[in-house]
Amino acid sequence: MATYAAALTLSAWVLAPIALIGLAAVTSREQLYRWPRPFWPQPVTVETLAFFLRQEGVVRALGNSLAVAALTILLATALSAPAGYALARYRFRGRETVQLGLLTTKMFPATALAVPLAVAFLRWGLYDTLVGVALVHTALSVPFVVLIVASVFRGVSVELEEAAMSLGCSRLQAFWKVTLPMALPGLAAAAIFTFILSWNEVFAATLLTVNHRTLPAFLVHSVVAEGAPLHFRYAGGFFLVLPALVIIFLIRRYLLTLWGVTVR
Amino acid sequence: MAEIRLERLHKRFGRVVAVREVSLEVRDGEFVVLLGPSGCGKTTVLRMVAGLEVPDGGRVWIGGRDVTRLAPGRRDVGMVFQSYALFPHMRVFDNVAFGLRMRGVPRAEQVRRVREVSELLQIEDLLDRYPAQLSGGQRQRVAVARALVIRPQVLLMDEPLSNLDALLRMQFRAELKRLHREVGSTTLYVTHDQVEAMSLGDRVAVMREGEVVQFDTPANIYEHPATRFVGAFLGNPPMNFLPAVVRWEGHEPWLQVGEARFAAPREYCQALRERRDEEVLVGIRPEHVVLGTGPLEGEVLVEEVLGPQKLLTVRTLGHLLKVTVSSQASVRPGDRVPLDLPEAGIRLMDPRTEQALDRSRNRAAVSGNPGPLV
Amino acid sequence: MSDGGHQQTKRSQPVTPYLLVLPSAAYLAVFVLYPMLHAVLLSITEPRTGTLTLEHLRRMVTDLHFWPALRYTVLITALAVPAQVALALAMALLVQTRFPGHPYFLYVCAIPLAVSDLAAGLIWLSLFTERGYLNAILLRVGLLSSPFNFLSYESPGWLVGAIVATEVWRATAIVMVVLVAGLQLIPRDYAETAAVFGASPWRVLWHVTLPLLRPSLQTALIIRTVLAFQLFATVVTLSGRLVPVLAGETYFWYSLYRNPHVASAYATLVLLLSAAVTWVYLHTLRTPEEAA
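Chains as they are written, first to last, in my numbering: chain A, 64 to 327; chain B, 9 to 382; chain C, 95 to 386.
If you are wondering where the hints come from, they were derived from the structure by calculation, not from laboratory data. Ideal Cβ positions, reconstructed from N, Cα and C, are used throughout, including at glycine. Fair warning: there could be bad hints in the mix.
[As the list claims (entries may be wrong)] So these bits of chain A aren't anywhere near chain B, every CB distance computed over 12 Å: (1) T72; (2) A79; (3) P106; (4) L112; (5) L137; (6) P145; (7) M170; (8) A183; (9) L185; (10) L260; (11) E289.
[Claimed, not checked] Sample of chain B residues at the chain A side, in silico, Cβ under 8 Å: (12) A58; (13) L60; (14) A79; (15) P80; (16) G81; (17) M87; (18) F89; (19) S91; (20) A93; (21) F95; (22) P96; (23) F106; (24) G107; (25) M110; (26) R111; (27) I158.
All chains, full assembly: derive it from the sequences and hints.
Here it is, written out as structure tokens:
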């Protein structure tokens, strides 16, 4: 009994704010500013959301976020997959060092990276470009994705590859025909993890963009530098949260594999 | 010709030597079993024959070709893994046909050969299913089919029966024997189960700590183990061992066990000549120990009924002996009984090296080395 | 990875794993290690001449926002992290009891994994603003007669409280997932043995489960504390610059004052704090060999 009570309380605590922002997003501007604010919008309206989307730069920012996320997924997967395979399948000298290195890189804050990279990007012509942001997001996600991919590959028994090899495959063929198809769900989950990381990344995106802002960068700028109105902010929050919510639901079976990968 | 020849194979992992100078020969069409406890190196040897491990020293020959450095896919071997390793994302048909596809066999031919081998292994009804839908026994059959369909020069099996329950295991042993008779491929089989080894192998190589300790027919190994280890490892219950002293009376050697006197088997005469008054180890199997008469006295401690026989634990001279008697025997725990060790059942070993003493008749079967390779 | 027909020569380490790891290692060296060093360099170098200088550090330390930023960052971290760990532990243990419906519970509690600190700030903004939901509830319940301004400079305590609450709400999920994964690694035998020997559930928790959970706890604490030092968007959304924090100052010095050197100084400070705290965690929560 106590278990249920505790579980329900905690669930309510987690869900309430999300429910509220959802409600706020479909409440009219007039009702949002009324005192006291009604909980249930009457009527439910897309006025606030439409207002947000109509603001200059918003749709572009949404597109930018998607583009950066897509680039990041491609780049991060391309870099991490081979490294993850190496960690999973080979016992080589320096393996521990690699794992330790990855762990430490994870602890380097985006805060500390963003400033020097901004300076460097200015010199390299990457400042205020989507590619630049994607490069930084890749750097932030690779330490995680390598470990995720390694655990995915480890989950595919090496004997399957050996069986394929004994039947005439080279190592590469065995990987392609046997390991990869079986690893696809896990790799897809890793890609989704990368999406969430990139979509949500605030600090570096804010620092590194001016005209090509991602959604978080756009919102920070609007809130801090331009003092955007409240209903604008609520709508912004809603759009930030929505895709990630849907995605977490889709990959709920992999949650432990993905985020629990940091456990030694 | 598809014989296998291993020439002084050597493999270490880090500081551990897994395989130490192993030399072996498997004749064409022969079924050879690598038998030994876990960690003895048998699987490593098999993997080196398959090409899944590269030896640090020595060479592997298959069908007269030096394949030591050749990739597994190029060696024309078929392998059955302990866990079967069936590709979960393919149907049974595609699993079995996989090797054929890799070899570029045309589709029609693939279908024909898969059907042929499916009949042999009685899996015709399973071809459309996925491995997850099969029982352990069925998976095992598919794994064997997959290895056989490519008609390899050599068949390698890594403890294929160990994941099956006892009843299935027995059934499959007979199946494998039947298959081998029909297909006749050269087979190298790894197991830690000595019953499997004895029943399946034409010859058995007993391994321990990376070395081949004895390589001979099952009968010879059972009758004349080369070391104490082999004697104890094969046979269930294992061989008994008692310390004895060699005595000579005129030209006749005899063995002193405690205060009792036992005749020494003729074959050891030569070897015993140099061991007057020295210690020696007497090995005798439980089924050879005679109860009811004899110069030794023992106390029956435990009686285990095993169906057609009874297994007794008897204490004599501070040692515990296992003795099998017929289930009709009227011996009870607590009884004091006389014991005899008949000459025919006695095997002698050096107490220090634990090697069997030379029997003047047949020297080759005692050592692990089948002689220099040409 | 293709071997062609032959494998590598004996006695030589296969080169393949190194080749596979090289791209990511090189990438991280360029985009993480190099900027790290560059950040430190920026904070102590004179922009035009390139000589070493402490000028930027001096400017940072003497800025009127510096000490408050440092204090607030540490304060928020010190309040938020223990709360997160306690709540996450409660959640993880509840999940571990496997009560009917526990997968849904796990999913619900994991939802904040998808929420960034910016989104969390905006969400809780809707709660804490003067005409926000919190005030509306309090009014309806009768605890208030007129809206209370949680987010004004007149009530710094409430302001920090709002920030801490938001951060706890958001980041508990991360800790929870790590702990659930860690709990699953602990074989049930230990707890069952303890129970058979007469330990009550609380004692089993204290003497068996928690010690075995130490590696996961250590990992979770390190991750969360380091990330808490970087908290930016939540603070800025809820309080603007009323509550300065180190990451916020980094942002302002770069974007507003256009001074990458002082910004780097702040960034380096965050880095050093993270390293120090990690070191402390690793040493005080040193895991006994057997529990590993």
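Here's how the hints hold up against the structure:
1. With a cut of 12 Å on Cβ distances, A:T72 stays outside the contact zone with chain B, its closest approach being about 40 Å.
2. With a least CB separation of 42 Å from chain B, A:A79 remains clear of the 12 Å interface cut-off, as annotated.
3. Listed as a non-interface residue, A:P106 keeps its Cβ farther than 12 Å from every Cβ of chain B; the least gap is roughly 51 Å.
4. In this structure A:L112 is separated from chain B by more than 12 Å, as the shortest Cβ-Cβ distance comes to about 43 Å.
5. The claim that A:L137 is not at the interface with chain B holds, since no C-beta of that chain comes within 12 Å of its own (minimum 25 Å).
6. For A:P145, the shortest C-beta to C-beta distance to chain B comes to about 20 Å, beyond the 12 Å cut-off, and the non-interface label holds.
7. With a cut of 12 Å on Cβ distances, A:M170 stays outside the contact zone with chain B, its closest approach being about 31 Å.
8. Distance to chain B confirms A:A183 as a non-interface residue, since its nearest Cβ pair spans about 43 Å, more than 12 Å.
9. The Cβ of A:L185 lies farther than 12 Å from every Cβ of chain B, with a closest approach of about 49 Å, so its non-interface assignment holds.
10. Distance to chain B confirms A:L260 as a non-interface residue, since its nearest Cβ pair spans about 29 Å, more than 12 Å.
11. No Cβ of chain B comes within 12 Å of the Cβ of A:E289; the nearest lies about 53 Å off, and the non-interface call holds.
12. This hint holds: B:A58 has a C-beta 6 Å from the nearest C-beta of chain A, less than the 8 Å allowed.
13. Contact between B:L60 and chain A, as hinted, is supported at the beta carbon level, the nearest pair being about 5 Å apart and thus within 8 Å.
14. The restraint placing B:A79 at the interface with chain A holds, with a minimum CB-CB distance near 7 Å, inside the 8 Å limit.
15. A distance limit of 8 Å between C-beta atoms decides the matter here; for B:P80 the minimum to chain A is near 4 Å, and the interface restraint holds.
16. The criterion of a C-beta within 8 Å of any C-beta in chain A is met by B:G81, whose closest approach is roughly 4 Å, and the hint holds.
17. The beta carbon of B:M87 is positioned within 8 Å of a beta carbon in chain A (closest approach about 4 Å), and the interface hint is therefore held.
18. The restraint placing B:F89 at the interface with chain A holds, with a minimum CB-CB distance near 5 Å, inside the 8 Å limit.
19. Of the supplied interface hints, the one on B:S91 holds, with its beta-carbon coming within about 6 Å of a beta-carbon of chain A, less than 8 Å.
20. A cut of 8 Å between beta carbons decides the hint on B:A93: the least distance to chain A is about 4 Å, and the hint holds.
21. For the restraint placing B:F95 at the interface with chain A, the shortest Cβ-Cβ distance is roughly 6 Å, inside the 8 Å limit, so the hint holds.
22. Of the supplied interface hints, the one on B:P96 holds, with its beta-carbon coming within about 7 Å of a beta-carbon of chain A, less than 8 Å.
23. Contact between B:F106 and chain A, as hinted, is supported at the beta carbon level, the nearest pair being about 5 Å apart and thus within 8 Å.
24. Because the smallest distance between the Cβ of B:G107 and any Cβ of chain A comes to about 4 Å, under 8 Å, the interface hint for this residue holds.
25. For B:M110, the suggested interface contact is upheld, since its CB lies about 3 Å from the closest CB of chain A, less than 8 Å.
26. The restraint placing B:R111 at the interface with chain A holds, with a minimum CB-CB distance near 6 Å, inside the 8 Å limit.
27. The beta carbon of B:I158 is positioned within 8 Å of a beta carbon in chain A (closest approach about 7 Å), and the interface hint is therefore held.
Violation of the numbered hints given earlier is absent; every hint is satisfied by the structure.
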